[in-house]
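Residue numbering for the sequence shown follows the working numbering, starting at 329 and increasing by one per position.
These are computed hints drawn from the structure, not numbers from a lab. Any given hint could be a false lead.
What the hints assert, rightly or not - Within a straight-line C-alpha distance of at most 25 Å, the following computed BS3-like cross-link-like pairs (lysine-lysine) qualify:
(1) K636 with K468
(2) K463 with K598
(3) K575 with K636
(4) K575 with K595
(5) K544 with K558
(6) K437 with K619
(7) K567 with K463
(8) K404 with K376
(9) K636 with K598
(10) K595 with K558
(11) K463 with K566
(12) K468 with K619
(13) K528 with K567
(14) K566 with K528
(15) K544 with K559
(16) K595 with K431
(17) K544 with K528
(18) K437 with K595
(19) K405 with K392
(20) K566 with K468
(21) K404 with K528
Unchecked claim - Quick list of simulated restraints, FRET-style, between CB atoms:
(22) P623 with D406: 50 to 60 Å
(23) P379 with K463: 43 to 53 Å
(24) K468 with N489: 26 to 36 Å
We put the beta carbon where it would ideally sit given N, CA and C, even for glycine.
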Amino acid sequence: MPINRMPTKDFINVKQRNRLDSLITDVTPNSAPEVIAKVREILQAEFKKTPDEFDPSDIERFMKSDWTVTRFLLRKKDDPEEAAQMMISCARWRHRLGMPRWKDEDFPKEFYNLGGVFPYAPDLLGNTVIYVRAKLYDRKLSCIQELFQHYIIHIANRVDNERDGRGWSIIFDCSGTGMANMDVNMLLFMLNEVIPHLPKGLNYVLIYELPWLLSKIVNTTIACLPSEYKKLAKTASKKDIHNWVAKESLPDFMGGTCDINYRRAPKNAKSFEDMAEELKLTEKDLASIRKIYQPYLDEADEAMARRKGKNLRRRSSVLEFWHWMKNKIDTNADGGDNQTANNQENSGGDSKSSKKISVSKKDAPKLAAIADEGDE
Numbered sequence: 329m330p331i332n333r334m335p336t337k338d339f340i341n342v343k344q345r346n347r348l349d350s351l352i353t354d355v356t357p358n359s360a361p362e363v364i365a366k367v368r369e370i371l372q373a374e375f376k377k378t379p380d381e382f383d384p385s386d387i388e389r390f391m392k393s394d395w396t397v398t399r400f401l402l403r404k405k406d407d408p409e410e411a412a413q414m415m416i417s418c419a420r421w422r423h424r425l426g427m428p429r430w431k432d433e434d435f436p437k438e439f440y441n442l443g444g445v446f447p448y449a450p451d452l453l454g455n456t457v458i459y460v461r462a463k464l465y466d467r468k469l470s471c472i473q474e475l476f477q478h479y480i481i482h483i484a485n486r487v488d489n490e491r492d493g494r495g496w497s498i499i500f501d502c503s504g505t506g507m508a509n510m511d512v513n514m515l516l517f518m519l520n521e522v523i524p525h526l527p528k529g530l531n532y533v534l535i536y537e538l539p540w541l542l543s544k545i546v547n548t549t550i551a552c553l554p555s556e557y558k559k560l561a562k563t564a565s566k567k568d569i570h571n572w573v574a575k576e577s578l579p580d581f582m583g584g585t586c587d588i589n590y591r592r593a594p595k596n597a598k599s600f601e602d603m604a605e606e607l608k609l610t611e612k613d614l615a616s617i618r619k620i621y622q623p624y625l626d627e628a629d630e631a632m633a634r635r636k637g638k639n640l641r642r643r644s645s646v647l648e649f650w651h652w653m654k655n656k657i658d659t660n661a662d663g664g665d666n667q668t669a670n671n672q673e674n675s676g677g678d679s680k681s682s683k684k685i686s687v688s689k690k691d692a693p694k695l696a697a698i699a700d701e702g703d704e
């Protein structure tokens with residue numbers, strides 16, 4: 329399996345890079361072929377019996393991806409029958425939600441612009457991190473609670489597919505939260521809906537800056553969880569967050585310096601108003617959404633304006649930006665050498681009349697500005 333590498337200096341230092349290199353290649357091996365085959369026999373029989381209860385894309389993935397079968401076998405301790413039944417249950421759940429057919433633009437652009445749930449740069453172990461900002465969730469907005477839950481599922485599923493067995497993590501940013509943001513049902517939703525249907529994908533859930541007023545509620549909830557889920561829960565504060573994620577990989581609201589734009593919405597995403605009929609939102613619902621979200625959307629607009637004014641690179645994918653920048657450096661460097669040679673020939677070999685073009689990592693901001701030409 330090809331492993332995507334991260335840049336040495338742009339997101340993590342050399343020591344952290346060495347640690348990452350030793351861990352990112354440690355992909356969980358697949359189960360024995362004969363055990364996987366036994367699981368697929370059970371699946372095939374069920375798919376033939378009730379084909380309308382499953383999505384064709386899920387059937388294809390279950391029958392072709394060894395890792396997809398392996399992750400359920402790991403959860404069920406290599407019991408083919410139990411693993412198959414868990415997969416069948418998961419596939420029915422996905423089909424019932426319509427999850428395999430969801431696209432990024434199916435969700436309101438405000439969800440993206442708010443930056444309430446988004447994947448970001450990796451932690452020190454190489455896990456892609458999904459950030460969930462608790463203060464941007466308000467339980468008063470019951471009209472969009474299910475939609476918000478589907479959005480979380482979609483982001484988690486997308487990251488899980490991209491990681492393909494290499495793991496990911498969730499950081500709940502609880503700074504600035506109060507009782508209006510605290511909903512135990514949301515935490516239980518994550519544990520009962522997201523994690524069981526993506527087994528062996530989530531490596532940990534980090535609860536960041538939990539206010540002491542809410543700590544008792546959260547700790548009591550965690551204490552009631554099964555041991556396999558309980559061990560996933562971790563806590564961190566401003567003082568020790570860098571033990572988990574490097575400053576260069578943290579978003580700005582957590583004191584980080586990473587410049588990846590986490591508020592950018594898909595090009596074809598619509599607003600709540602434009603999706604009101606589709607989402608069955610009343611004028612009263614829209615007014616409630618505007619009342620609660622508008623201050624945060626104004627803040628997001630200001631942040632986006634600052635980014636545009638500085639010509640910062642606006643990419644949602646760390647790897648995409650790094651590989652783009654590296655290719656740009658190589659192309660310009662080669663072009664610079666060729667241009668120098670041509671100039672020397674035209675000037676009769678006078679090296680003083682030519683200037684060699686040199687492009688290195690320090691030129692990243694310039695390259696980013698070039699790439700952002702024409703960006704909205």
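Structure-based check of each hint:
Under the criterion of a C-alpha separation no larger than 25 Å, the hint pairing K636 with K468 is inconsistent with the structure, at around 33 Å. Only pairs whose Cα atoms come within 25 Å are accepted, and K463 paired with K598 is accepted, the gap being roughly 23 Å. Simply put, K575 and K636 have alpha-carbon atoms about 22 Å apart, close enough for the 25 Å limit, and the pair holds. Distance restraint check for K575 and K595: the Cα-Cα separation of roughly 30 Å exceeds the 25 Å cut-off, and the hinted pair is therefore not satisfied.
Our distance criterion of 25 Å between C-alpha atoms is met by K544 and K558, whose separation comes to about 15 Å. Between K437 and K619, the direct Cα distance comes to roughly 17 Å. Compliance with the 25 Å bound is thereby established for this hinted pair. For the proposed pair K567 and K463, the alpha carbon gap of about 20 Å is at most 25 Å, so the pair holds. For the suggested pair K404 and K376, the alpha carbons sit about 24 Å apart, so the restraint of at most 25 Å is met.
For the given pair, K636 sits about 21 Å from K598 by alpha-carbon distance, which is consistent with the 25 Å threshold. A distance of roughly 39 Å separates the Cα atoms of K595 and K558; the hinted pair therefore is violated under the 25 Å criterion. Under the criterion of a C-alpha separation no larger than 25 Å, the hint pairing K463 with K566 is consistent with the structure, at around 17 Å. Between K468 and K619 the CA atoms are separated by roughly 11 Å; this keeps the pair inside 25 Å, and the hint holds.
Taking the CA atoms of K528 and K567, the gap is about 29 Å. The hint is violated against a cut of 25 Å. About 28 Å separates the Cα atoms of K566 and K528, which puts this hinted pair outside 25 Å; it is violated. Pair hint K544 plus K559 holds up; C-alpha atoms about 18 Å apart against a cutoff of 25 Å. For the suggested pair K595 and K431, the alpha carbons sit about 12 Å apart, so the restraint of at most 25 Å is met.
In summary, the hint linking K544 to K528 is not supported, as the alpha carbons are separated by about 28 Å, beyond the 25 Å threshold. Of the supplied pair hints, the one linking K437 and K595 holds, its CA atoms being roughly 9 Å apart against a limit of 25 Å. Distance check on the hinted pair: K405 and K392 sit about 21 Å apart at the alpha-carbon level, within 25 Å; holds. At most 25 Å may separate the alpha-carbon atoms for a hinted pair to count; K566 and K468 exceed this at roughly 29 Å.
Proposed proximity of K404 and K528 is supported: the alpha carbons are some 11 Å apart, at most 25 Å. Between P623 and D406 the C-beta distance comes to about 51 Å, which sits within the given range of 50 to 60 Å. For P379 and K463, the hinted distance range of 43 to 53 Å is satisfied, since their beta carbons lie about 44 Å from each other. A hinted range of 26 to 36 Å for the beta carbons of K468 and N489 is consistent with their spacing of about 33 Å.
Of the numbered hints stated above, those contradicted by the structure are hints 1, 4, 10, 13, 14, 17, 20, listed in ascending order.
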